[in-house]
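Participant: Sequence:
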Amino acid sequence: MSEQVLTPGFVIRQAKNEDMDAVCRIAQIAWVRIHDSFRKIMGADMHDVLCANWEENKAGQVRGQFEQHPEGVYVVIQEESGHVVGFVTIRVNMEKSLGTIGNNAIDPSVQGRGVGSAMHRFALDRFKETGLRFASVTTGLDEGHAPARRAYEKAGFDIRQEDVTYYKKL
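In terms of this note's numbering, the sequence shown has 87 at position 87, counting the first letter as 1, and numbering is strictly consecutive.
Wrong hints could be hidden among the right ones.
[What the hints assert, rightly or not] Distance condition first, Cα-Cα at most 35 Å in a straight line; then the derived DSBU-like pairs of lysine-lysine:
(1) Lys40 / Lys58
(2) Lys40 / Lys128
(3) Lys128 / Lys16
(4) Lys168 / Lys40
(5) Lys128 / Lys58
(6) Lys154 / Lys16
(7) Lys169 / Lys128
(8) Lys169 / Lys96
(9) Lys154 / Lys58
(10) Lys58 / Lys169
Calculated directly from the structure, the hints in this document are not laboratory data.
Let the sequences and hints guide you as you build the complete structure.
Facilitator: Structure (structure tokens):
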């Protein structure tokens, strides 16, 4: 896929290997808020053990998605600077007619400009073009995930199945 205008000043295209450092950096920045929330909920001692090296793990997860399914990783490029300022991973399950939005984030420097909303529309449009009937995205219920929940609701996700993970100190 060649570059496609996403919203004025921004284009989207399939990720390339040379984009992955920027993608991982954006993912790590985006997940700081989430891990701050986890730390508050779990306590520092539990978080620091159970989520040790989360920055490297998140980068590894995103790189793994690119290595296994490069066709499903897209990057948002700011036209003026030429820099990667966002990414989204998508998966298609033809058997279930389901498209899934996976890891995705927008660099804080361009948040609030409609880039994330346009990126989610792009993913949903890919699913529709493929003939899929359903779309899903998974996010957390903690305060750190609140911006993601708002973004997904804004994109039209309206059926919610909740999930809870319990922990106990021994």
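Participant: Quickly compare the C-alpha distance for Lys128 and Lys58 to 35 Å and report which way the hint goes.
Facilitator: 29 Å, holds
Participant: Hey, Lys169 versus Lys96, does the alpha-carbon distance stay inside 35 Å?
Facilitator: This hinted pair is violated, its Cα atoms lying about 39 Å apart.
Participant: Within a Cα-Cα threshold of 35 Å, do Lys154 and Lys58 meet the stated pairing?
Facilitator: It holds: about 25 Å lies between the C-alpha atoms, which stays within 35 Å.
Participant: Going straight from one Cα to the other, do Lys128 and Lys16 come out at no more than 35 Å?
Facilitator: Given that 35 Å is the threshold and the Cα spacing comes to 24 Å, the pair holds.
Participant: Next pair to validate is Lys40 with Lys58; report whether the Cα-Cα distance is within 35 Å.
Facilitator: 19 Å, holds
Participant: Is it true that the CA of Lys168 sits at most 35 Å from the CA of Lys40?
Facilitator: 15 Å, holds
Participant: Assess, step by step, whether the Cα of Lys40 is no farther than 35 Å from the Cα of Lys128, and give holds or violated.
Facilitator: 39 Å, violated
Participant: With the threshold set at 35 Å, check whether the alpha-carbon distance from Lys154 to Lys16 stays at or below it.
Facilitator: Since the Cα atoms of Lys154 and Lys16 sit roughly 29 Å apart, the hinted pair holds (cutoff 35 Å).
Participant: Would the pair Lys58 and Lys169 pass a check requiring their Cα atoms to be no farther apart than 35 Å?
Facilitator: 25 Å, holds
Participant: Is the straight-line distance between the alpha-carbon of Lys169 and that of Lys128 35 Å or less?
Facilitator: Violated. Lys169 to Lys128 sits at ~45 Å, over the 35 Å cutoff.
Hint compliance for this structure: hints 2, 7 and 8 are not met, and every other hint is.
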